[in-house]
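Given the sequences, and given the hints that come with them, work out the whole structure.
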Amino acid sequence: MWQKTYAWLDERLGLGDLYKNLLDRPEPHGNWWNTLGSASLFLFIIQVVTGIFLTVYYTPSPDHAYDSIQYIMNEVAFGWLIRGIHHWAASLMVLVVFVHMLRVFYTASYKYPRELTWLVGIGLLLLTIGMGFTGYLLPWHQMAYWATTVGTQIAGSVPFAGEFILQALRGGPDLSALTLQRFFSAHIWMLPALLALLVGVHLYLIIKHGESHFPDKED
Amino acid sequence: MSGTSRITRRDFIKVTTGAVGGAITAALGIPAVGYLIDPALQENKAGKPVSIGKIADIPVGTPTPFSFTVTKVNGWERTASSFGGFILRKSEDPKDIVILSSRCTHLSCRVNWSEEAQAFLCPCHDAKFSKTGEVLDGPPPEPLGHFEYEVAENGTITIIPVEMKSKEG
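If you're matching them up, the sequences are chains Z and P in order. Just so we're aligned, residue 1 is where the first sequence starts under the working numbering, counting upward by one. Just so we're aligned, residue 1 is where the second sequence starts under the working numbering, counting upward by one.
Derived from the structure by calculation, the hints contain no laboratory data. We treat Cβ as the ideally placed atom computed from N, Cα and C, and that holds for glycine. Treat the hints with caution; some may be incorrect.
Stated by the list, open to error - Negatives, chain P to chain Z, calculated, CB over 12 angstroms:
#1 Gly-53
#2 Phe-66
#3 Cys-124
#4 Val-151
Said to hold, decoys possible - Interface residues of chain Z toward chain P, partial, derived using beta-carbon atoms under 8 angstroms:
#5 Phe-53
#6 Pro-60
#7 Asp-67
#8 Gln-70
#9 Tyr-71
#10 Met-73
#11 Val-76
#12 Ile-82
#13 His-86
#14 Ala-89
Said to hold, decoys possible - Below 20 angstroms or equal to it, Euclidean Cα-Cα: the simulated EDC-like pairs (lysine to aspartate or glutamate) are:
#15 Z:Lys-20 / Z:Asp-216
#16 P:Lys-14 / Z:Asp-24
#17 P:Lys-72 / Z:Asp-63
Right under this line is the structure:
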């Protein structure tokens with residue numbers, strides 16, 4: 001019965017081909033450094049899931065942001081766990097993505113035909129850091145408020161366009177409810193959408209080209 | 001060479017992966033569901049009895065005002081509302097009392113007891129209620145509401161802070 005169902009689905013969806021091409025690909029001789037990309041993807045998925053759960057209670061308004069997080073941490077069942085995972089996986093993701101970039105650099109895996117994979121990867125690194133920057137403001141405590149004050153001021157030190165960049169980031173000259181709202185929007189809609197898109201391109205390129213061999217003495 | 005009673009390496013891996021995967025799914029799934037439905041599992045604190053004073057302090061025959069505050073907690077928001085009313089001891093018997101709400105049944109203004117008029121007077125539209133809450137004059141459609149109460153052995157009066165409609169007459 002199950003085999004018949006599977007055969008019916010496989011014929012129409014091509015499950016066997018998907019499995020062969022996505023999971024049963026030929027790999028170069030195993031090396032733990034090659035797992036950092038998968039680790040980054042795993043952390044991204046963790047962040048998406050825990051992030052969606054956090055929006056059930058989190059309220060991006062100066063009046064409620066701090067209290068709603070206190071509520072998540074102290075009142076909601078397992079709220080501490082969901083937020084704890086989101087908090088720690090965020091830091092870990094920046095670290096893992098960065099070490100992944102170092103690995104690709106040191107093994108020269110960015111060379112032909114994988115230049116675009118590298119370029120898209122740079123976009124992914126920048127977006128990951130952008131997620132960290134925008135997410136940091138959301139708890140709306142002293143540390144978040146002043147870190148963002150300083151962070152946006154640094155962006156404001158750009159010659160000529162600085163004042164404009166600062167106001168565009170803050171939604172005005174001051175850090176305000178507008179800043180919190182636009183950081184929230186960037187954190188849960190814009191950056192994740194871009195990130196997901198680039199992850200898709202990155203994965204497609206990896207599957208297309210296969211993983212690079214670890215360079216040996218000949219290379 | 002695996003006999004029929006021995007588990008193959010492949011099957012062992014399959015079973016172990018399934019078991020570990022199942023454990024992880026449960027470990028994450030149960031907190032996730034708990035997190036989502038948590039507010040629905042909280043005890044509803046509305047209608048908890050409130051103590052409003054001792055029967056010995058209340059004079060017989062004169063409506064005596066009391067007030068209390070109910071704090072509603074919704075998530076991280078607390079809303080305190082104050083309610084007021086009058087305790088009337090109809091006789092020396094500690095059980096023979098009426099606890100009226102001070103909310104006028106017309107437009108919810110607060111009525112006051114007037115000794116001269118021997119009636120509850122509403123400052124908004126000159127409504128007049130008798131000592132036991134019946135409408136004597138003015139626009140109110142029904143008598144003053146009342147609270148359900150209990151008088152403990154030691155004389156403490158507790159009420160259920162939910163206003164009940166009083167029957168006509």
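In ascending order, which of the hints set out earlier in this document are inconsistent with the structure? 6, 10, 13, 14, 15
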